[in-house]
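Protein sequence lines correspond, in order, to chains A and B. The opening residue of the first sequence carries number 1 in our numbering; numbering runs sequentially from there. The opening residue of the second sequence carries number 1001 in our numbering; numbering runs sequentially from there.
These aren't lab readings, by the way, just hints derived from the structure by calculation. Glycine included, every Cβ here is placed at the ideal spot set by N, Cα and C. Heads up, a few of these hints could be off.
Unchecked claim - In silico SDA-like links for lysine to any residue, alpha-carbon gap of 20 Å or less: (1) A:K449 / B:G1026; (2) B:K1431 / B:A1299; (3) B:K1168 / A:R426; (4) A:K366 / B:V1163; (5) B:K1168 / A:F422; (6) A:K366 / B:I1020; (7) B:K1168 / A:L415; (8) A:K366 / B:N1027.
To be verified - Computed list of chain A residues with no C-beta within reach of chain B, every gap over 12 Å: (9) S30; (10) T65; (11) S202; (12) V208; (13) L415; (14) S453.
Claimed, not checked - Partial list, computed: chain B residues near chain A (C-beta under 10 Å): (15) S1114; (16) L1147; (17) G1155; (18) L1174; (19) L1175; (20) L1212.
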Amino acid sequence: MNFISPEFAPAYSEIFMLVMVCVVMLADLSAGGNRRYVAYLLTQITLMGCGLLTFLSFTTEASQTFSGMFVDDALADILKLMVYGTVSAVLIYSHAYISDRGLLRGEFFSLILFATLGMMVMISASHFLTLYIGLELLSLSLYALVALRRDSIMATEAAMKFFVLGALASGFLLYGMSLIYGATGTLHVSQLAQIIQSEASSKEVLVVGLVFVVAGIGFKLSAAPFHMWAPDVYEGAPTAVTLFIGSAPKLAAFGFVMRLLVEGLGEMVADWQGMLIILAVMSMAVGNIAAIAQSNIKRMLAYSTISHMGFLLLGFISADSNGYSSALFYVIAYVLMTLGTFAMIMLLCRSGFEAENISDFKGLNKRNSWYAFIALVLMLSLAGIPPMIGFYAKLAVLQAVVNAGYIWLAVAAVLFSLIGAFYYLRIIKMMYFDEPETDEPILPNNDVKILLSANGLAVLALGIFPQALMGFSLYAIQNSM
Amino acid sequence: MSFEFPLLSLIIWLPIIFGIAVFATGNDRNAQLARSIALTGSILGILVAIPLYTSFDSSLATMQFVENHVWFERFNVNYHLGVDGISMPLILLNCFITPLVIVAGWQVIKTRVSQYMGAFLVMSGIVNGVFSSLDAILFYVFWEASLIPMFLIIGIWGGPNRVYAAIKFFLYTLLGSLLMLIAFIYLYQTSGGSFSIQDYHQLAIPMTPQILIFVAFLLAFAVKVPMWPVHTWLPDAHVEAPTGGSVVLAAILLKLGGYGFLRFSMPIAPDASHYLADMMILLSLVAVVYIGLIALMQADMKKLIAYSSVAHMGFVTLGFFLLNAYGIEGAMVQMISHGFISGAMFLCVGVLYDRLHSRQIADYGGVVNKMPTFAAFFMLFAMANAGLPGTSGFVGEFMVIMGTIKINFWYAFLAATTLIFGAAYTLWMYKRVIFGAVASPAVEELQDISKREFVLLAILAISVLWIGIYPFPLTEVMHATVDQLLAHVSISKL
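Model the full assembly from the supplied sequences, consistent with the hints where possible.
As structure tokens, then:
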């Protein structure tokens, strides 16, 4: 029996990441004491290095390796580059916050990097087991990150809920995958499509398996009715971790849905379409209506995420490259807005003070009109008001939905987003119409200042010139299908 | 006529750039600088708009000053601008009102001056964008963006109940416009991937979709006009808004709805327009008669003028859906004239409010004894609001009534009651506020209008009289466009 070494080249960035995670852990151990900056810098360097590796190996040709379990194509490279950028921004935004709260430890960075590695594997998976491994690596890191503040009851409770429900979801997913394996005899994404097409498998078993898979996806995307964990986790986790959970994993989740439903089970579109419609409508309804009642900003944003995930799922319903590219555009826009919004919350935190309530935004315009303006842009963008990028994201998705012939769904979506506009307006109201409760100056570090300003202006500028990002999304989808 | 210079872009972006410059002056230490930049910007805004009138060829019904560039290819959206005889007067009206609003807020606004002045300039540019967009998405972007500055103006500088009014204003308008967006997307699909409004005009659409499209547009525009029964946001917004906000709201933002009917509803869904014309006429008559009666009962001056605006805008929608030349041209004149008159009326109330900090009619009385010049101006505008011949208010209403009588005598009869109700509520309010004995020590101490206020009111008075006596320059530019529109609407698209 001779051993054939697999082609490693498509997975260079993953391998580099894995090596560097160990380096970060060791370096942090030996650095110790007050030199936590080392771990932070090394993490940023790792992300940059990965970015470079992915960028240099960028190709529109798909290359498979590890017996076809791992694929490197245009979509994977583009999503990964975005993940690196997002994680890097997360670290810049959260640096001051975590060091104020004594969380600036090596664990934070290595867990974030492990989670990133999980996302990369998910994005590049072309086999159900690889997908599952990536997902679990991501999820386990996230559970630990949520519990990072171990003396906080809220955080521990959130981590517990997250873990139990997450494990349940993973169980669903595995069970669904095993049923699909039973029906088709393969777990390879590409073979799966062929076998289903040839109708050599039992349709009933496949559909049952599909139901479980979609339920698992629903959990991971926090789409209603599988959304229960999201508000508690968003609220209980330290804001820096919430920022991480709310941003980069959504990109990975997009990749996950693409690999699983579109590439693997694309032949069963008629079956999953209906399920996604139900998930989407319920998410938009639950998310937008429940968000109105929240007084905690992180809970409110959790419900807002739920509604946005509903909108994202709408993009998949049309089941063509137009729809998928709209969904990709939506998720990129969403990540950009989420980054800015949570960064804004952390901006309002000081050592010894957690900005948790919507009322902490009161009078921001008087305290600092520039950050109030950035927050205004972000809120209007989340509400989908032009000329912010959030509007074009909604436009793209709605266009795909109408194109697929579901006008009623588009009408329902805009009505729910009208309800959604209310709670974003309420934050604008707090910032602009109310008097501040404190005169505490807002003094971010320079890197946060620049990045946050750039982030807010990008939301506006990409709205005024949306072609680049729209064309880019279309390019990514068309070159990977 | 070829006019290579991107005039419309200049008219849109110049105020916005000045608005950003005003924002950049920062806090209230630089208030005077902010005011000066704002005034310069708004006056330049008028100056650059002058060539729009002088170089406009009123014999043509086509779009003029056209600019067309690709904006984003993904959905074939273009930066496509152009004006015709319908939009050109409205742009001029908007450019004209902006400096007046800036001047009106000169001393009154003392906090966050730069944000106030900047918001008005930005809004002015955005509204010019709405009137000159020939691409549905460009139009929609400007249309929605115009909500943001107004929302902030009402919410930051408004009265005690401003938060409620601001959010009601925003959500009401958003509801209508979101359905319009769906209609645009539907038209994009049926037209095979175009967002050009002129393509939509030529697109054949079966009856049922036409009616649905018409209804979607109706919701967007009826809220904005506002038509009965979706007018309830307007009195709230007007009462709470600062004077400048009320002026822009009444003079400009309501016209967006009227403009929408002419640019979208009627040419895109002509068969539905004919089919539903009677319903539209009835809704308009309800606004004219019933809202006129409501206005009679108001104790708050701003609320009274707000209801009177609804009634007058009822005349505009009435004129449109008569679908004859008198009706549409009369309605257009009415829109412009209402821009001047309602703006002037709100300024007059603002003058009183700045002095006494009350809008209640009951708190006033005998103002003429202390403010004779003001009383004279207020008299002129009150008469114009009541539709007195010789003022601009008469021309539009008369033309619309003429148009109505061709359709149905009883419609005309009901429409003409506005001359009675309008006179009743306006003049009765005028009598209670201005005449009589001096009502209170506060009124006793009133000072007559300052030079600044005099100039403002005088400019508006001249405009009102000018259109009242010699409306020809206004009607002339719209003839060709209105004729072409009517010809277009009379052809079935089924």
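Okay, the hints, checked on the actual structure:
1. Restraint check for A:K449 and B:G1026: satisfied, since their Cα atoms lie roughly 18 Å apart, inside the 20 Å limit.
2. With a CA separation close to 13 Å, the supplied pair B:K1431 and B:A1299 stays within the 20 Å bound.
3. With a C-alpha separation of about 12 Å, the suggested pairing of B:K1168 with A:R426 holds against the 20 Å cut-off.
4. Distance restraint check for A:K366 and B:V1163: the Cα-Cα separation of roughly 17 Å lies within the 20 Å cut-off, and the hinted pair is therefore satisfied.
5. Distance hint between B:K1168 and A:F422 is fulfilled; the C-alpha atoms sit about 10 Å from each other, no more than 20 Å.
6. A threshold of 20 Å between alpha carbons decides the hint, and for A:K366 with B:I1020 the separation of about 18 Å falls inside it, so the pair holds.
7. In summary, the hint linking B:K1168 to A:L415 is supported, as the alpha carbons are separated by about 16 Å, within the 20 Å threshold.
8. Between A:K366 and B:N1027 the alpha-carbon distance is near 9 Å, which keeps this suggested pair within the 20 Å criterion.
9. Every CB of chain B is more than 12 Å from the CB of A:S30 (nearest about 49 Å), matching its label as outside the interface.
10. Every C-beta of chain B lies more than 12 Å from that of A:T65, the closest at about 33 Å, which supports listing it as non-interface.
11. Separation of A:S202 from chain B is adequate, the least Cβ-Cβ distance of about 38 Å exceeding the 12 Å criterion.
12. With a minimum CB-CB distance of about 35 Å to chain B, A:V208 clears the 12 Å threshold, and the non-interface call stands.
13. Distance check on A:L415: its Cβ comes as close as 7 Å (rounded) to a Cβ of chain B, failing to clear the 12 Å threshold; non-interface status is violated.
14. Listed as a non-interface residue, A:S453 keeps its Cβ farther than 12 Å from every Cβ of chain B; the least gap is roughly 14 Å.
15. Given the 10 Å rule on beta carbons, the hint for B:S1114 holds: about 9 Å separates it from the nearest Cβ of chain A.
16. Of the supplied interface hints, the one on B:L1147 holds, with its beta-carbon coming within about 7 Å of a beta-carbon of chain A, less than 10 Å.
17. Restraint check, B:G1155 versus chain A: the minimum CB separation of about 4 Å is within 10 Å; hint holds.
18. Contact between B:L1174 and chain A, as hinted, is supported at the beta carbon level, the nearest pair being about 6 Å apart and thus within 10 Å.
19. With its C-beta approaching chain A no nearer than about 5 Å, B:L1175 sits inside the 10 Å limit, and its interface hint holds.
20. Annotation: interface hint on B:L1212 holds; nearest CB of chain A at approximately 9 Å, less than 10 Å.
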